[in-house]
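Participant: Here is how the chains run, residue by residue.
Number of protein chains: 2
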Amino acid sequence: MEEQNKKILLVEDDPNFGTVLRDYLMMNDYDVVHAKNGMEGFEKFKKDDYDLCILDVMMPYKDGFTLAKEIREKNTDVPIVFLTAKAMKEDVLKGYKVGADDYLNKPFDSEVLLMKIKAIIQRKATETIADSKQFEFEIGRFHLNSKLRFLRFDGGEPVKLSPKENELLRMLALHENDLMPRELALTKIWRDDNYFTSRSMDVYIAKLRKYLKPDEKVEILNIHGEGFRLVVNS
Amino acid sequence: MEEQNKKILLVEDDPNFGTVLRDYLMMNDYDVVHAKNGMEGFEKFKKDDYDLCILDVMMPYKDGFTLAKEIREKNTDVPIVFLTAKAMKEDVLKGYKVGADDYLNKPFDSEVLLMKIKAIIQRKATETIADSKQFEFEIGRFHLNSKLRFLRFDGGEPVKLSPKENELLRMLALHENDLMPRELALTKIWRDDNYFTSRSMDVYIAKLRKYLKPDEKVEILNIHGEGFRLVVNS
DNA sequence: TTATCATTTAACCTTACGTTAACAAAAATG
DNA sequence: CATTTTTGTTAACGTAAGGTTAAATGATAA
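Chains as they are written, first to last, in our numbering: chain A, -10 to 223; chain B, -10 to 223.
I should point out that these hints are in silico values taken from the structure, not numbers from a laboratory. Careful, some of the hints might be misleading.
DSS-like, lysine-lysine: derived pairs with alpha carbons at most 25 angstroms apart [stated by the list, open to error]:
id	chain 1	residue 1	chain 2	residue 2
1	B	LYS58	B	LYS35
2	B	LYS136	A	LYS206
3	A	LYS177	B	LYS105
4	B	LYS107	A	LYS105
Some residues of chain A that are not near chain B, with every Cβ distance over 12 angstroms (derived) [as the list claims (entries may be wrong)]:
id	residue
5	ASP2
6	MET47
7	PHE54
8	GLU59
9	GLY214
Even glycine gets a Cβ: it sits at the ideal position worked out from N, Cα and C.
The whole structure should be built from the sequences, with the hints applied where relevant.
Facilitator: Structure follows, in structure tokens:
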């Protein structure tokens, strides 16, 4: 079994810096796809699966944060790292909110960069162990397509789900009949764990219960203080 | 049920900086134990479980890296973050090698610090999935599922248990037919041992007896002054 | 910009939990 | 046997978590 090189999407508009960085990464056995702006970056992202995205924050047309958000909508798991010209506090905070895994200040030391990249990719690798990407579920008489974000009852008209509805239901389905801890959903989907995100989640549970009403055998039970449980009664 | 604060071990020899940082973290709902040097840090580490260690790199007697290595020998999982006076490349690299999760440059922005701490602790939280505890028990004709907190008689409808009911019954089941000392339940479940918690426990014993009534072969006996005994008569 | 949709925040209500108090019963003490 | 200590049991109370709906905010597309 040969070891597959890790694939990195690099989005950086500065041609000099971008090329140097790309070459350096390639020299270190990463497969690098280099996009020159946000649009291009998103196009390339959609076309392939990456192990890491490195996004410049300052870019014309579409800045790194906007791009990050688009990427996050498609994929909740890819590690994202931001490049900032200097450590601007607002940037850093904004980055973490969008789900950044780290950020790097330009100019940075190349060895440090490599180390960080390695650490981040490895981290994800261990997390994603049994997290087999599953996107379709049978939930009683419902069919959930988590990739296209719809839920269909029997053979009827599919209902469109919002991103949050979709991810929450998917997370419940992944733990069918078992406990899905509150904390897990909050940290994975909301990327934060506080009173308000928790209440927000409750609102979404209510929405899902409404969607699932047609099949009285399917219910979302609460385990007080712990989380929720999607059960399908036989 | 009260939310447990996350516990942080802070090892920092500079009294001013250390105190300020400690207070700031405590203001933000972390439980902080502050050690003034590496030795003390290791002692404190051995005495308790922490969610995060923040280690100053430059310390007399025992530097942060050495301490980190000792900590890693005892515990492979605690997140470790280093404090460095300035971003010295060697330090950073060395830190990552020892298994650092991140490093912070002094002086740093307090909000950024909080954000990072939050992110790191969260990361670990999701990694720690199932610690192979025993969650299921057969008690006479009952089945106890301690993870989902329910108790089922024969094949009937499961009864939901509250956290305390659940833990207490689980502890009894772990000592089936044997003495479960009062003190054990009080210290492990109530985390306190006084007149009132003791009475509270008695209330829960009464509740459990009620739940267990359907099977007359199952009973909770009292051993005066000692504790309780869950017996299953044949 | 307006219109539309997703998400968060607020409000209000219900349920769940745990503690405490009160009183009764049992066991130990001397 | 009288008295003290421990346990059994029920009910009331205060607090926290969850259910639900609606309004406010934010983001996106026309």
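Participant: If a hint holds in the structure, say so; if it doesn't, say that too.
Facilitator: Consistency of the hints with the structure:
no.: 1; hint: B:LYS58 <-> B:LYS35; in the structure: holds, 13 angstroms
no.: 2; hint: B:LYS136 <-> A:LYS206; in the structure: holds, 22 angstroms
no.: 3; hint: A:LYS177 <-> B:LYS105; in the structure: holds, 16 angstroms
no.: 4; hint: B:LYS107 <-> A:LYS105; in the structure: holds, 19 angstroms
no.: 5; hint: ASP2; in the structure: holds, 25 angstroms
no.: 6; hint: MET47; in the structure: holds, 19 angstroms
no.: 7; hint: PHE54; in the structure: holds, 15 angstroms
no.: 8; hint: GLU59; in the structure: holds, 21 angstroms
no.: 9; hint: GLY214; in the structure: violated, 5 angstroms
Against the hints set out earlier in the document, a violation occurs for number 9 only.
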